[in-house]
Amino acid sequence: MTYRDRSVMVTLEAREARVQRPNWAPAEVDLDRPSAARVYDFYLGGLHNFAVDREMAARAVADWPELPAIMQANRAFLRRAVRHLAAQGIDQFLDIGSGIPTVGNVHEVAQAALGDARVVYVDIDPIAVAHARALLEDDANTGVVQADFVDVGAVLEDPVTRSLLDFSRPVGLLVVALLHFVGDERRPAEALARYREAMAPGSHLVLSHASADGAPDRADEHRSLYRRTATPMTMRSRDEVAALLDGFTLVEPGIVFLPQWRPDDPVPPANPERFTGYAAVGRRD
Amino acid sequence: MTEPGRASGADPLDALAADWAEEVEGTSYVPMAAEELRAHLRDLARLVVDAVQADPPRPEVGAEIGRRLVAAHFTGPATLERTVVLLSERLPALYGPGLRETVPALTGALAAGYAETLRDRTLGEQEAIRRAVLAARQHTENALHASEARFRAMFREAAIGIGLGDMEGRILEVNPALCRMFGYTPEEFTQRSVVQQMHPDDAPSVWERYERMIHGDLENFRVEKRFYRADGSSMVVHLTLSLVRDERGEPAYQVAMLEDVSERHRLQEHLAFLAYHDPLTTLANRARITERLGKVFAEAGGSSTRRVGVCFLDLDGFKTINDSLGHHVGDLMLQEVARRLDACAGEGELVARMGGDEFVVLVEDSHGVDRLVALADRILAVLASPFHLVGQELVVTASIGVVEQAVAETTASELMRAADITLYTAKAEGRGRWAVHDPGRDETETTRFSLSAALPSAVAHDEFFVLYQPLVSLADHRVRGVEALVRWRHPRLGVLSPSLFIGPAEETGVIVPLGRRVLETACRDARGWHAEFGAGAPFVSVNVAPRQLHEPGLVAEVAALLDTTGLPADRLQVELTERALTIDEGAPLKALDGLRAMGVKIAVDDFGTGYSNLSYLRKLPVDVIKLDGSFGEGLREEELSDEVDERIVGTLVALGHALDLTVTAEGVETAAQASRLRALGCDEGQGWLFAPAVPAGEVAALLRRGRPLGGPATGLRRSG
Chain A
1 MTYRDRSVMV TLEAREARVQ RPNWAPAEVD LDRPSAARVY DFYLGGLHNF AVDREMAARA
61 VADWPELPAI MQANRAFLRR AVRHLAAQGI DQFLDIGSGI PTVGNVHEVA QAALGDARVV
121 YVDIDPIAVA HARALLEDDA NTGVVQADFV DVGAVLEDPV TRSLLDFSRP VGLLVVALLH
181 FVGDERRPAE ALARYREAMA PGSHLVLSHA SADGAPDRAD EHRSLYRRTA TPMTMRSRDE
241 VAALLDGFTL VEPGIVFLPQ WRPDDPVPPA NPERFTGYAA VGRRD
Chain B
1 MTEPGRASGA DPLDALAADW AEEVEGTSYV PMAAEELRAH LRDLARLVVD AVQADPPRPE
61 VGAEIGRRLV AAHFTGPATL ERTVVLLSER LPALYGPGLR ETVPALTGAL AAGYAETLRD
121 RTLGEQEAIR RAVLAARQHT ENALHASEAR FRAMFREAAI GIGLGDMEGR ILEVNPALCR
181 MFGYTPEEFT QRSVVQQMHP DDAPSVWERY ERMIHGDLEN FRVEKRFYRA DGSSMVVHLT
241 LSLVRDERGE PAYQVAMLED VSERHRLQEH LAFLAYHDPL TTLANRARIT ERLGKVFAEA
301 GGSSTRRVGV CFLDLDGFKT INDSLGHHVG DLMLQEVARR LDACAGEGEL VARMGGDEFV
361 VLVEDSHGVD RLVALADRIL AVLASPFHLV GQELVVTASI GVVEQAVAET TASELMRAAD
421 ITLYTAKAEG RGRWAVHDPG RDETETTRFS LSAALPSAVA HDEFFVLYQP LVSLADHRVR
481 GVEALVRWRH PRLGVLSPSL FIGPAEETGV IVPLGRRVLE TACRDARGWH AEFGAGAPFV
541 SVNVAPRQLH EPGLVAEVAA LLDTTGLPAD RLQVELTERA LTIDEGAPLK ALDGLRAMGV
601 KIAVDDFGTG YSNLSYLRKL PVDVIKLDGS FGEGLREEEL SDEVDERIVG TLVALGHALD
661 LTVTAEGVET AAQASRLRAL GCDEGQGWLF APAVPAGEVA ALLRRGRPLG GPATGLRRSG
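These protein sequence lines are chains A and B, in that order.
No gaps in the numbering here: position 219 of the first sequence is 219 in the UniProt record's numbering, and each next residue is one more.
No gaps in the numbering here: position 370 of the second sequence is 370 in the UniProt record's numbering, and each next residue is one more.
Since the hints were derived computationally from the structure, they do not count as laboratory data.
One thing to keep in mind: the hints can contain errors.
[As the list claims (entries may be wrong)] Calculated Cβ distances over 12 angstroms to all of chain B for the following chain A residues:
(1) Ile127
(2) Val160
(3) Arg284
[What the hints assert, rightly or not] Just so you have them, the derived chain B footprint on chain A, three or more residues with Cβ under 8 angstroms:
(4) 133 to 145
(5) 161 to 173
(6) 235 to 242
[To be verified] So the derived label-pair ranges between C-beta atoms look like this:
(7) Ala34/B with Ala62/A: 26 to 36 angstroms
(8) Pro65/A with Ala105/B: 27 to 37 angstroms
(9) Glu66/A with Ala112/B: 28 to 38 angstroms
(10) Pro176/B with Arg54/A: 33 to 43 angstroms
(11) Glu211/B with Gly153/A: 37 to 47 angstroms
(12) Arg33/A with Arg180/B: 44 to 54 angstroms
(13) Pro65/A with His145/B: 39 to 49 angstroms
(14) Glu219/B with Gly153/A: 26 to 36 angstroms
Note that this is a predicted model, so its numbers are computed, not measured.
Cβ coordinates follow ideal geometry from the N, Cα and C atoms, glycine included.
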């Protein structure tokens, strides 16, 4: 069993709890279960995590040593993409599924490029949201919203979003390492279309997505496992990822493996497919 | 490990920085591009080289290097390991073995600085994440609290009654609406249990479903059932009971939602009552009878020995009461009849009003006709005593059709049809009696029944014609008048006499257009005779039914008829039955006055057959009395004569003459009879002795011949 499998199961349990919880009841805070956001933090060398999270991560790495590298490649893609958007003059960002704001956060990268860049972080994990709020308390240009990605209205109509972001001007929408947690039955493409409709021309979508394409030998094992779960993590093929980007014009180099998207180093990384995940940036014309 | 020679020829500082970057790459996530990373490490490498080359060397700078590594997020333990190994090897290699003593001190300080900073950072981030947990919990608690408060408010303010119970049926919580519905305080409620909410009217399925739900086999169910309130009164409640499961999926609680639908239920019951009851009498109605009968026949299979019976009754002459005394009195009478019928009906006997003055008593499981006959007798008996309505004493009789059959032998509709036909039989046999259904007689009755149904179209198709029977002077046997008699030329049955259709025509109201037609024909024919014979022409006597007298336009109609035909009014006589004349008030009397004022003569037909109230003759506008043929029967024989009959006839004649009335004898069949009637003072006679009913043309022929009819009038030779 790989890390991803376990983390999927963790995520699924959390998702199930969410599904059963009626929308009027607040999300629960459960420290007995690992949290995807805190595990991610751990992979990035963060210390915002607990024993359950580290234990989970350690077991996963034992099975799949590349995992930390994949997570770091994903984080590095986020950094490069935000810099690229800032270079296009985009100074407001909506980061959905932001997790624990650990090292190399969007507002840090963006504000390093454009001093007054504004960022709204969105996550459904109450601890991640609470932590982000504490961390960003003094930064008037950032805000935190607790909401679900597919609940587009809740994200866009939240007072924090409305006060910080001006949708009549270009916005950077970040859905990095998020959509593989949103199954087709929750209609991620429809949600994306609704975000797209709300965004002014010149806005950009930054997306990364787990895929089995780079690791076909693991795919069968994964699939058989996913079949046993009610709401599996959805690994998507390159074509499926392309379909999610429908309506956006792909920015060069298009849909590529994580380290291949505008690398800092002119020397291309070896075996990029081992970073089983796609990265892409699209422009709303 | 790095090749020692790799940095030769280059700046040793650059070589150290490049090796360092290569060593730590991937050991920690550092949010820097490769270029930035190398620049950062080059700065650190310069600090290191400066420190070890200083005089004296300053190995304590290592602590600062360790601090800066952690600050740049080189938090992976492998970073420290590789850094220490790299510096221990590469510094002496690049800058000479003289550093061998300083380097361990520097790397030691670096490790200590790194550890201290990482410990601080760890504690800080752990503190931060724990604070986040607390904040999230607080937020969650607040949200739960707000949510709980909202739900409390909803529970408290709900208009619908809500109760929560455990799986043992104990009531745990109730909302105010539920307390108001039942009249219990919350404390009283929580001392009660779900099973105490049973009501004797509950269908067994209600509690079966409850048991299934408690066992987790049913998630919820809805039912409408009765509950007792605290004060003992009953209400109808729409109940929705739902199961609440715990997180393991086991049944944990039950939630009841209750809505008092008593009002709606009452309304529904009232509507159902209206659907099956007659509003005037509150008896069952036709729909109810149809439904009951349907059930009786549906429940009994083809081989059933079950028997069923009905008494189908109809008030005799109710129409007259309604017409003469008004609908109000008619309604009161129907209500009184309903009361009496209901009182005399026993167990298993359903009384219903079918409409108008028709009633049915249905006897389920009759076990034989005797019970029905006894019932019919009882009905006639309870209707026999006079009705005291609006200060008047009224007498009414009923005719009853009795049918009693095995359910297997008939159908619901056949049964009712047979009852209807039998009712007609009872009426035809003289009213105020019952008749028992006789399948053999069915055909005749069916004919009669279908005649009634065919009447309206027969009038429309002009299937009637008129014959005239002469009325002769008993003094000279010459024709003085003719009585118009209607016949029906039935397309299938041939010519039918009035006895077959006048009754039904009166009951259906067809008598009005039919009577009008006869009157027209008679006037036209009489006008023909008048034109030919002048003063010697006969008057025409036309029967008018009580119903016609009630028609407001009768007088005007007759006047118009006389006007258009040119028949003198004194050539027209109207015949009424004694029954029609017992009404001594209202429209009929006015009509008679109107006719008489025109000069039309009024005759009383069948005189002496009704409950003769002789005093009315004084008051009524009458010119002629026609003695019923039955009085003359005893006078027919040549040699023998009935003395009583003679006396009665003599008295009636004397009475008529005292009132200045013309007396006509009907049913004169023999010459002897004619002589005796003449001797007793009768003025005119009518009967086969003189002539049967003949067509209008033959009347003219008789008149032209001008001979006395039935032989010459003879003087009476009284036998000893």
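Structure-based check of all given hints:
Not every Cβ of chain B is farther than 12 angstroms from the Cβ of Ile127/A; the closest lies at roughly 5 angstroms, contradicting the non-interface assignment. With a cut of 12 angstroms on Cβ distances, Val160/A stays outside the contact zone with chain B, its closest approach being about 14 angstroms. The Cβ of Arg284/A lies farther than 12 angstroms from every Cβ of chain B, with a closest approach of about 27 angstroms, so its non-interface assignment holds. By the rule of at least three residues with a Cβ nearer than 8 angstroms to a Cβ of chain B, the coverage given for the segment 133 to 145 of chain A holds, with 3 such residues.
Proximity of the segment 161 to 173 of chain A to chain B, defined as three or more residues with a beta carbon under 8 angstroms from a beta carbon of that chain, is not established by the 0 residues found. With 0 residues having a Cβ less than 8 angstroms from any Cβ of chain B, the segment 235 to 242 of chain A misses the three-residue criterion, and the hint is violated. A C-beta distance of roughly 29 angstroms is found between Ala34/B and Ala62/A, which places it inside the suggested range of 26 to 36 angstroms. Checked against the given bound of 27 to 37 angstroms, the beta carbons of Pro65/A and Ala105/B, roughly 35 angstroms apart, stay inside it.
In this structure the hint that Glu66/A and Ala112/B lie 28 to 38 angstroms apart at CB holds, the actual value being about 33 angstroms. Distance hint check for Pro176/B and Arg54/A: the Cβ-Cβ separation is about 52 angstroms, which falls outside the suggested range of 33 to 43 angstroms. At roughly 45 angstroms, the beta carbons of Glu211/B and Gly153/A sit within the given window of 37 to 47 angstroms. Judged by the Cβ atoms, the range 44 to 54 angstroms given for Arg33/A and Arg180/B holds: they are separated by roughly 45 angstroms.
Between Pro65/A and His145/B the CB atoms are about 46 angstroms apart, so this pair conforms to the stated range of 39 to 49 angstroms. Judged by the Cβ atoms, the range 26 to 36 angstroms given for Glu219/B and Gly153/A holds: they are separated by roughly 31 angstroms.
Going through the hint list in order, the structure does not satisfy hints 1, 5, 6 and 10.
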